[in-house]
Amino acid sequence: MVAADIDPFAVMNVVGLLAFAVAGALKAADAGLDVFGVSVLGIVTALGGGTTRDILVDKLPASLAAMWDMSVAVVGVGLAIVLIRSMGGRVRDHPAFLTSDAIGLSAFAATGALVGVDAGVTPFGIVILATITAVGGGSIADILIGRVPVVLRDDFYATPAVVGGLAFLVARGLGAPTGIPSGLCAALVFTVRMLALKYEWRLPQV
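Read the sequence shown against numbering that gives the first Met the number 0 and you will find it ends at 205, with the numbers running on by one and no gaps.
Hints in this document: simulated from the structure, not taken from any laboratory.
Only a predicted model underlies this, so the values are computations on that prediction, with no experimental measurement involved.
Heads up, the beta-carbon is just placed ideally off N, CA and C, and yes, glycines get one too.
Take the hints with a grain of salt, since some may be wrong.
Stated by the list, open to error - Cβ-Cβ distance ranges computed for the label pairs, FRET-style:
1) Arg91 <-> Leu194: 16 to 26 Å
2) Gly87 <-> Thr177: 40 to 50 Å
3) Ile142 <-> Gln204: 16 to 26 Å
4) Gly174 <-> Ala9: 14 to 24 Å
5) Trp67 <-> Asp4: 15 to 25 Å
6) Pro176 <-> Gly87: 12 to 22 Å
My request is simple: use the sequences and hints to build the entire structure.
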């Protein structure tokens, strides 16, 4: 198989599902949920953003059309449970959680942008779909455990997805080959998010 035959959406989708399932399950463990709650939150985090995105473009959510997305999410939850048993201390600050969350954010920003292109939405719509796909699942998970979604707090969370969506538009506008815009989007989102964590970037409060 050559690079041109690889479906960027399929690759980013699997990466995002696994990463966000792990991040959501770890978040649930940090909140003190039992194994059922950990499983539910992991699956919701993995599927929530993509489901919201698909509904917005009037498309049957992939998680309802086939078992693939759900199966990948379940595998991610299983990986998280193994990690949880080997972790000590505060899960929320653990590198495994922070990294998996950043990977999920970056991969799903790319899938949101790709779906926006396929749906024929405006450039603004592409950025919005990239952002919603990236932050949607985690926001739903936060609400389920009684927290204000991180995207609404002072954490530098949605901004990387917006930046990635804009980079996707620029690369696509310059005629970059298939896969380059989504790859650039994901790489930039991940980099900005990890830098924000390292240097504690915050948006200004009112």
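For which of the previously enumerated hints does the structure constitute a violation, in increasing order of number?
-> 6
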